[in-house]
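*Asks:* Below are the chains, spelled out letter by letter.
Protein chains: 2
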Amino acid sequence: MNKADSFQNLINQKIGKINFDKSPRELYDPMKYALTMGGKRIRPLFTLLACDMFGKDFQKAIPVALAIEVFHNFTLIHDDIMDVAPLRRGKETVYKKWNPNIGILSGDAMLSKAFELLLDSDESKLKPLVQLLSKVAIEVCEGQQLDMNYEHSELVTIPEYLEMIRLKTAVLAGSALLAGAIVADASAQDQHEIYKFGENLGIAFQLKDDILDVFGDETKFGKKNGGDIVAKKKTYLYLKAHELAKGKILNSLTYYFVNSTFDDEAKINEVSAIYKQLNVKEAAEEQIEIYYQKALAHFANINLPDENKKDLLEVASNLMEREN
Amino acid sequence: MNKADSFQNLINQKIGKINFDKSPRELYDPMKYALTMGGKRIRPLFTLLACDMFGKDFQKAIPVALAIEVFHNFTLIHDDIMDVAPLRRGKETVYKKWNPNIGILSGDAMLSKAFELLLDSDESKLKPLVQLLSKVAIEVCEGQQLDMNYEHSELVTIPEYLEMIRLKTAVLAGSALLAGAIVADASAQDQHEIYKFGENLGIAFQLKDDILDVFGDETKFGKKNGGDIVAKKKTYLYLKAHELAKGKILNSLTYYFVNSTFDDEAKINEVSAIYKQLNVKEAAEEQIEIYYQKALAHFANINLPDENKKDLLEVASNLMEREN
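Protein chains in written order, with the working numbering: chain A, 1 to 324; chain B, 1 to 324.
One thing to keep in mind: the hints can contain errors.
Each pair may be met inside one copy or between any two copies, as identical chains are not told apart.
Within a straight-line C-alpha distance of at most 27 Å, the following computed DSSO-like cross-link-like pairs (lysine-lysine) qualify [as the list claims (entries may be wrong)]:
id: 1; residue 1: Lys196; residue 2: Lys22
id: 2; residue 1: Lys309; residue 2: Lys294
id: 3; residue 1: Lys267; residue 2: Lys14
id: 4; residue 1: Lys97; residue 2: Lys224
id: 5; residue 1: Lys232; residue 2: Lys96
id: 6; residue 1: Lys17; residue 2: Lys40
id: 7; residue 1: Lys135; residue 2: Lys22
id: 8; residue 1: Lys91; residue 2: Lys127
id: 9; residue 1: Lys135; residue 2: Lys60
id: 10; residue 1: Lys233; residue 2: Lys22
id: 11; residue 1: Lys22; residue 2: Lys127
id: 12; residue 1: Lys22; residue 2: Lys234
id: 13; residue 1: Lys135; residue 2: Lys14
id: 14; residue 1: Lys127; residue 2: Lys56
These aren't lab readings, by the way, just hints derived from the structure by calculation.
Work out the full structure: start from the sequences and follow the hints.
*Replies:* Printed below as a string of structure tokens:
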């Protein structure tokens, strides 16, 4: 088993040991459900790999790794309420399985729990870790608010979209890595570089997600293609298509995208045909490559031998090549 | 101006200085609105008075006092969504003025902000304060969940109700005082006593609220009486009446309480007439006196001269005699 796999196993084991067998059950059962319904554990894996890379015992980073995973799952519970999303990872979302109030409240308790988990870190690291978690928590809220704003706004520019996904997704990837670097006493410069590595990787990751949603292999991706089109999400693909389209194609794109009376399948077919015609998948792939190269440049700046860096680099490269 | 008034002014001033002029406005405007729409600032006042009482410069306790007030207002925003409450302190609630999603998200950001505010405390105090805030945050969630459970449960006992208000309301009063004692390096014994003082006072305070809701002077209380009856809240008054009522009165109480087709005013009149007939107000007042005396006994155990204790004692006694 390679290092990443063994770290992921360890994270799952540790998450399983958080005590949720408490009263009232209506509060704790959803927390347990959300945390054990799957998920790739990428963020806590980042934390442990970063700590290990800088030569510190990864055990020291377990509390903050768990805090970040619990925090991440809190955001999913609340996002699913706001997005009225009935399914996640093929299972019922918390608000759907219970109700929205229980979703709100168990999410609140999970956010508080994330901060509580930090207390198991060495006391000398508590201040920077509380700083990190509170900062990223507020940024993720900003990103989610922008996402909600953009649902209702006619015109969203590509730079606005990229800033939104930076806040909503990428800063947490950067912070997960930074957390490991903090625990490992990495230099300020290396902390900066690993954060920027994660942030750029996070943006690339989200753009990849946009592509997979429309063009992914359904058998590998595990869900039907075109969810973003049906949900009228203004993804990179849509915004790029909107930028490139002219005349009849633009009318057609706007028509299919805005019109609710359409059959889902017809809509997905028509919109993805336009995407293909305008080569927006290729445009997105170019963007991904730009962000991935930026990420790698920051990674190269980290003052460590290549040997130390290889595990994390492999995980990053797998994420970029993933098909689900 | 007495000490409590000058502390309250200071708190309002400091809250006014938290920077909410940030983007996106849809996230930060509700936070500012919630924090500046009034409120008695009792909890942060407790924190400053406790710190001062133990002989430490109260300025040291300002960060945690603000954290507790921001936390408290987060709970109000989310509770109002869950309770579908359109008004608070005579003004539109956040979810009503904006929408539920904005209420969820600005509340989340406020909870995160509360932890961030702790970072301005002396670093030596950060660990116990993060411990305190995360613990009380989870307890308040437990209390709110019990409150929601009890809305739908046929039979709620008085001990269950008291435990619910302890978690939902009283632990935060105790924690606010404990926070000040922690900052002031009070002994473990004194920390325990001041926490228990606040907890018992908090229960008495909530029972007083139950009475004021039905029997308060409307001109002083600033809202119409009987809100809890209309909302079918199983308050102490209701549960006690339910315990004492027999035969026709019990039928009548259950009928008016459960039936939705009734005119609000008729319902309030009938139910409060039953409350009067069964002397449940007096029973509640007895309970309040029991909890208040318990609080005072813990307060008396605090190892300080009476001179130090008088400001906090005066605030507590005013709270017990309040008519609004």
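*Asks:* With reference to the structure, classify each hint as holding or not holding.
*Replies:* The hints, checked one at a time:
Taking identical chains as interchangeable, the C-alpha atoms of Lys196 and Lys22 lie at most 27 Å apart only when they sit on different chains, with a minimum of 23 Å there against 39 Å within one chain. Only within a single protomer do Lys309 and Lys294 lie at most 27 Å apart by alpha-carbon distance; the minimum there is 16 Å, versus 61 Å between protomers. For a Cα distance limit of 27 Å, the shortest separation of Lys267 from Lys14 qualifies neither inside one copy, at 44 Å, nor across copies, at 53 Å. For the homomeric pair Lys97 and Lys224, the shortest alpha-carbon distance inside one copy (21 Å) is at most 27 Å, but the shortest distance between copies (37 Å) is not.
Proximity of Lys232 to Lys96 under the C-alpha cut-off of 27 Å is found in both arrangements, the shortest distances being 21 Å within a copy and 26 Å between copies. In this assembly of identical chains, the alpha carbons of Lys17 and Lys40 lie at most 27 Å apart only when taken from the same copy (18 Å versus 41 Å across copies). Only between protomers do Lys135 and Lys22 lie at most 27 Å apart by alpha-carbon distance; the minimum there is 14 Å, versus 30 Å within a single protomer. In the homo-oligomer, the alpha carbons of Lys91 and Lys127 never lie at most 27 Å apart, since the shortest distance is 37 Å inside one protomer and 37 Å across protomers.
For the identical chains of this complex, Lys135 and Lys60 are neighbours both inside a copy (21 Å) and across copies (23 Å), given an alpha-carbon limit of 27 Å. Within a single copy, Lys233 and Lys22 get their C-alpha atoms only as close as 38 Å, which misses the 27 Å cut-off; across copies the closest is 25 Å, which meets it. In this homomeric assembly, Lys22 and Lys127 come within 27 Å of each other (Cα to Cα) only across copies, at 24 Å, whereas the closest approach inside a single copy is 29 Å. Within a single copy, Lys22 and Lys234 get their C-alpha atoms only as close as 41 Å, which misses the 27 Å cut-off; across copies the closest is 24 Å, which meets it.
In this assembly of identical chains, Lys135 and Lys14 lie within 27 Å of each other by CA distance both inside one copy and across copies; the values are 25 Å within and 20 Å between. Taking the shortest Cα distances, Lys127 and Lys56 sit within 27 Å of each other both inside one copy (19 Å) and across copies (23 Å).
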